[in-house]
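Residue numbers (the working numbering), protein chains in the order written: chain A, 1 to 110; chain B, 111 to 224.
Errors might be hidden in some of the hints.
No farther apart than 25 angstroms at their CA atoms in a straight line, the calculated lysine-lysine pairs in the BS3-like style are these [stated by the list, open to error]: (1) A/52 with A/102; (2) A/3 with B/121; (3) B/167 with B/121; (4) A/102 with B/167.
Hints in this document: simulated from the structure, not taken from any laboratory.
Just so you know, these numbers come straight off a predicted model, no measurement behind them.
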Amino acid sequence: DAKTTQPPSMDCAEGRAANLPCNHSTISGNEYVYWYRQIHSQGPQYIIHGLKNNETNEMASLIITEDRKSSTLILPHATLRDTAVYYCLPKGGSQGNLIFGKGTKLSVKP
Amino acid sequence: GAGVSQSPRYKVAKRGQDVALRCDPISGHVSLFWYQQALGQGPEFLTYFQNEAQLDKSGLPSDRFFAERPEGSVSTLKIQRTQQEDSAVYLCASSSGHFYYGYTFGSGTRLTVV
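Extracted from the complex, chain B is given alone in its bound form (with noise of 0.2 angstroms):
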């Protein structure tokens, strides 16, 4: 497609909850970027992949996150008995690797945890 497309949209997920979130990147961009955004605040980095392999994880915040990228393309960031605290919209981003063309975003998975 012509850009990243996330889904779902919305979810709605109990406490206690797992929820995968699930990322399309450029066709062949090979950098790929995960970041978390609360209410007011600009995102925050979580994790970066660069085809398969996952460069930095410095970014999540526990071990109930967990990010996979599996044949270098689409993504799925996974959050274990969710708390009311990762509410939150998340936001991935791909780039071809060439810096001068920027990121480019998806619109993100707003994440509602009641």
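Just chain A, with the same shape it has in the complex (with noise of 0.2 angstroms):
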């Protein structure tokens, strides 16, 4: 399985974008890359996933590099309520499951 590299931590203002990296260098052609979040005392909670093309819903933007070593989250204007920890997994397509790493917590602040 792919290994990511994401920071640590992060602060950001409330109301600017918050832009969240993610290094994912050993994945596989067929992986996809996908990003939850985890607010204090929940589950994780799916945000979106893409394959090579930059894709958008209304939670968030995902920018994937074309060498498809790199990705970028973009939440375009981050809230209190946006604080959370950040996972980043690249997983193939079919069912099985989910790799977690130790993610980017997002402080965003007022």
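Starting from the two chains in their separate frames, assemble the complex, guided by the hints.
The structure is reproduced here in structure tokens:
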């Protein structure tokens, strides 16, 4: 399974864009990049995933580099409720377990 | 229900006691996962069911851990003779089987062994 590297923590001002990077240089060709977040005392929440094209949904945007070795999750207008640990996880398209690293703890400050 | 439901929310067990943790997945979800999360760490995989079949139990840390999903819906994670190192949050996730939608997690059961 591909290994990921994420910064342990980041701060962001409320209302500004939060850009969370992830390195996944060993990702294989059939693995998608998934992002989940975990708000304190809750289970992880699915945010978005992509293969090689950039993706956008109501929660976030995902930018994947052309070589697929890294990606960036963008929260365009961070709010205090976006304070959470964000996990980047490469995963194949079939059902199977998710392998979580330590993630990035994002603190959104007023 | 609308989400994955886990009970109890909190459980305190004396060392050596047996515990049973319940997961009610989203109705119709064929896949069900159990994870263990220690304080300050990411969730770690324990076991995976597709309907009633346990397809992967490679993450169960010892033979004291046992999971079942007899009718392909509700699942129970049982821990026998609990030890202090079993103290953690136990998370359950379910999926429709279509990878596009991601997995839906419950809020977990926090187990404290004293």
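Here is how each hint holds up against the structure:
1. At most 25 angstroms may separate the alpha-carbon atoms for a hinted pair to count; residue 52 of chain A and residue 102 of chain A meet this at roughly 24 angstroms.
2. Our distance criterion of 25 angstroms between C-alpha atoms is broken by residue 3 of chain A and residue 121 of chain B, whose separation comes to about 33 angstroms.
3. The straight-line distance between the Cα atoms of residue 167 of chain B and residue 121 of chain B is roughly 23 angstroms, inside the 25 angstroms bound, and the hint therefore holds.
4. A distance of roughly 22 angstroms separates the Cα atoms of residue 102 of chain A and residue 167 of chain B; the hinted pair therefore holds under the 25 angstroms criterion.
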